[in-house]
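Now for the letters of each chain:
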Amino acid sequence: MPEVASKSALRIRHLRKAYKDVVAVDGLELEVQAGECFGLLGPNGAGKTTTVEICEGLTEADSGDVEVLGQNWTSSSAQLRQRLGIQLQDTQLSEKLTVFETVRLFRSFFRQGVEASEVISRVQLEEKQKSRVGDLSGGQKQRLALACALVGDPDFLFLDEPTTGLDPQARRQLWELIEEFKKSGRTILLTTHYMDEAERLCDRVAIMDHGKEIALGTPRELIASNCAEHMVEFMAGSVSKSLDVPALRGIAGVRDVRTENGAVLLQVAELHTAVPALLAELIRQNVPLTELRTHSATLEDVFVTLTGRHLRDE
Amino acid sequence: MSDISVPDVRAAENARKSPHGTSFADHPLVQLTLVRFREFVREPEALFWVFVFPLLLAAGLGVAFRNRPAEVLNIAAVTPELAQFLRQEKLLEVHQLELQAAEESLRTGKVALLAETGPGSTVVYRYDDTNPEGRAAHLLADRAIQRAAGRVDPISTSDELLREPGSRYIDFLVPGLLGMNLMGSAIWSLGFAIVDARRKKLLKRLVASPMPRHYYLLSFLLSRILLLVVEVGVLLGFAALFFHVPIRGSLLDLAVLCVLSSFSFCALGLLLASRARTIEAASGLMNIVMMPMWIPSGVFFSSQKFPDAMQPFIKALPLTAVIDALRANILQGANLAQMAPQIGIMVFWMVVCFALALKFFRWR
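Chains as they are written, first to last, in my numbering: chain D, 10 to 323; chain L, 491 to 854.
Heads up, a few of these hints could be off.
Unchecked claim - Below are the BS3-like pairs computed for lysine-lysine, each with C-alpha atoms no more than 27 Å apart in a straight line:
| # | chain 1 | residue 1 | chain 2 | residue 2 |
| --- | --- | --- | --- | --- |
| 1 | L | Lys600 | L | Lys580 |
| 2 | D | Lys139 | L | Lys600 |
| 3 | D | Lys137 | D | Lys221 |
| 4 | L | Lys691 | D | Lys139 |
| 5 | D | Lys192 | D | Lys221 |
| 6 | L | Lys849 | L | Lys690 |
| 7 | L | Lys600 | D | Lys137 |
| 8 | D | Lys29 | L | Lys690 |
| 9 | L | Lys795 | L | Lys805 |
| 10 | D | Lys29 | D | Lys221 |
| 11 | L | Lys849 | D | Lys105 |
| 12 | L | Lys691 | D | Lys105 |
| 13 | D | Lys250 | D | Lys192 |
| 14 | L | Lys691 | D | Lys29 |
| 15 | D | Lys137 | L | Lys795 |
| 16 | L | Lys691 | L | Lys849 |
| 17 | D | Lys29 | L | Lys849 |
| 18 | D | Lys221 | D | Lys16 |
Treat the hints as calculated values from the structure; they're not laboratory data.
Owing to the predicted nature of the structure, the values given are computational and were not obtained by experimental measurement.
Okay, chain L solo, but in the shape it has when bound:
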């Protein structure tokens, strides 16, 4: 069929219509990506969960599990003589107290051990042997007393202390938090935005316009890559600066890993959001998928702690693969080839979820 408009009116219209601008900013993909950014930046809660929360968590856990210099133990001695002997041991803080006060301190846990003289020239230690502090205090106190009394150790020994960055809990934790954050931000940002747009019939309005549909999805991936730079940078920068967490692998490999992980989770998020019409339904689905991964995937403790029978399933979870790969890069300096199994799992999840999402996706 031919164009039905009156030709000369059409010509006049064309003169009046401004042709589409050629500038970069006029491209629909650029505009859609800008929309993603604006919606994200104008949502203070999202900013908190994506940027501030992981830092607070890292800081909190880092402080709680920090490697302190060997702790000094408080003990009580009831005679000046005992106190003098015990003070030879630098790891003991000795309080010389009356018996009654010393017993009170022991009972309330202010001191881990009470040393008193027994009948004859014996020394009696009172402590709780189920308490590690009590046992350690006993070993230290007895060594100090015996040495003061003239014991000589038959074999000379020396200590080598390990407090190297890279083997502490915070080093283990940071890649775990990074993986968890990559998962959360990809799934939440995609899932919520899409379901909200469907609920508001905005998706339907967009497909009623000439918007190329794949641009809509691409805008999510593009904005995700750009936000990743900030998300990953903030968390790793913070960890490196305040906890001296080393990044031993190549930064380029790390970037590739982060983008790949994020896209796998985006595909999962897209699948979860492909049909849901309400935020409640979508967040229920997302929680069902994400929560079981937080524990076994090794965010906070090694996934090896689970029984062997569960290991194949745990290893197949996308979050496990992501965290294992991140740890291998950050802590062991492994290259991408060494992470082939993990990368394979991520690619598998990405391809399967994406294919299913495209099959199930509803614009209305």
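For reference, chain D alone in the conformation it holds in the complex:
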């Protein structure tokens, strides 16, 4: 049923929320399609968590409309709670309970759901079933939190910075579990300040800054529309002979030039034409090249292009 599949799972209109002296969300508009994994990307303090908590019915907005799974919090909160799976940022589950007891507790809140033992094996904690929560590693705790979000077999899964503070291996493990859930065709809203996480997991991404959406699209689209496909980073010059940076703008295919910690970053459309042209320019200026790197542009580069800041600066 294609017309159903294109319906939105979440619709946010004119959303505004201010705390004492900060405007956390400032007129946000957003729509998440049913079945997609949508990423809210932004630095700390961008308003991601406030937005997600309003969507989860935990925080009241000052103004604006939020519709989750076609329902709103004022009239259908009890039904909505049954259909959402929620993982909050840094919740500490009771340390004295075992993994099984914790999942069993959360299972008891849902009218329908998955058996506790099945969810535990889905998040690969079978061997830890009888362990106390306090004895788990950070990654295991996050997987347990995910299990508590999945135990009601949700139609919509909210994940607020699910991998923050985890080591790379634990992050990858959690990504696999989220991808597993994605395959079931249900909706995910994920916040993160890791670009690689958004690029890997999300079908579409909204970049937020200062409570507003500043870019929206698939990760590829965002990269293609906001900066050229590739980044060239190099260091050149010496004390006696410094580099003429503005001259680099003249090189064919270079879209943007900026300097950062002594290195020069070029946004280029095609590496195979830009790099030889750059080398020729350096020879013309007679400055020695000391370092040269290239990488495909990432969401981080998009963010820097849009705001002039790095995602994790703050």
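Starting from the known structure of chain D, arrange chain L on it as the hints suggest.
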């Protein structure tokens, strides 16, 4: 708005989803209450404070203030003749000593009195008249000497000794300790658990789930009732078994009193925990509320000892009402109707604290 999920996928999901079990153990209230139990039992310190500490206190105070048979007083006599006369008195333990040794014993308190012969056929008693033991020894020693010398008491008297269970210090103490324990365990267990859960954002996580919020609170009350049976049983059982403290009132009334007291203190604990975000803030609040009640509410000595002007305030404290009612039941066998004023005070505290707690309570 209609359900947005694809209907046939939804149907397939429903087939896969296990419906909520109908068994008793799957009920959220049962699971939440189990959590309360597990958290309590897995906290050794809590077990100590709730179960062991009141017993140690009762045992310690019971031993210190036990009613002993009338004590035998040690005195010294310097001549065999005096010693022989004095030994007629059964309540005196007479040591016949050289004068120097006797003086030394008197000085160090080993004997309460020294008897020696004075000039002529007189007897001289040396003792400290500010010391009750000295005065008692003097009365006993003089009576023994006079009787040995042939005095006859003009009026014959007899003694009736009162050592009845129910009027001793331990009898007074046990209901006081029980009341203190009911207060402490209700306030600490509720206050700590809630503030800790708020601090860890677990409260927020729970309200993000479909958990009915009143179940969370009910689970505390349910677990409290179940733990009460053990707490009260252990303390009263110990007191009855080792100190023969009588329980004169109806056990059903006592159970009603304990549950009512505990709920009043739970309401107070809930109010104290309604906003605090740190354990330090919460325990500060709890101490401020509980400590002033330990002294005037009559745990260790009668609240009547405070000035009359303070009595109305002392009587209005929940702990005073609880302890007065417990004493009336346990020691005087009073029924609930006779404790109406105390029960009224408990209900008042329960209703007011609970209403305020619901108004102020923050889940995050």
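Structure-based check of all given hints:
no. : hint                 : verdict
1   : L:Lys600 to L:Lys580 : 18 Å, holds
2   : D:Lys139 to L:Lys600 : 64 Å, violated
3   : D:Lys137 to D:Lys221 : 42 Å, violated
4   : L:Lys691 to D:Lys139 : 23 Å, holds
5   : D:Lys192 to D:Lys221 : 30 Å, violated
6   : L:Lys849 to L:Lys690 : 22 Å, holds
7   : L:Lys600 to D:Lys137 : 67 Å, violated
8   : D:Lys29 to L:Lys690  : 23 Å, holds
9   : L:Lys795 to L:Lys805 : 13 Å, holds
10  : D:Lys29 to D:Lys221  : 18 Å, holds
11  : L:Lys849 to D:Lys105 : 30 Å, violated
12  : L:Lys691 to D:Lys105 : 16 Å, holds
13  : D:Lys250 to D:Lys192 : 56 Å, violated
14  : L:Lys691 to D:Lys29  : 21 Å, holds
15  : D:Lys137 to L:Lys795 : 59 Å, violated
16  : L:Lys691 to L:Lys849 : 20 Å, holds
17  : D:Lys29 to L:Lys849  : 22 Å, holds
18  : D:Lys221 to D:Lys16  : 24 Å, holds
Consistency note: the structure conflicts with the earlier hints numbered 2, 3, 5, 7, 11, 13 and 15.
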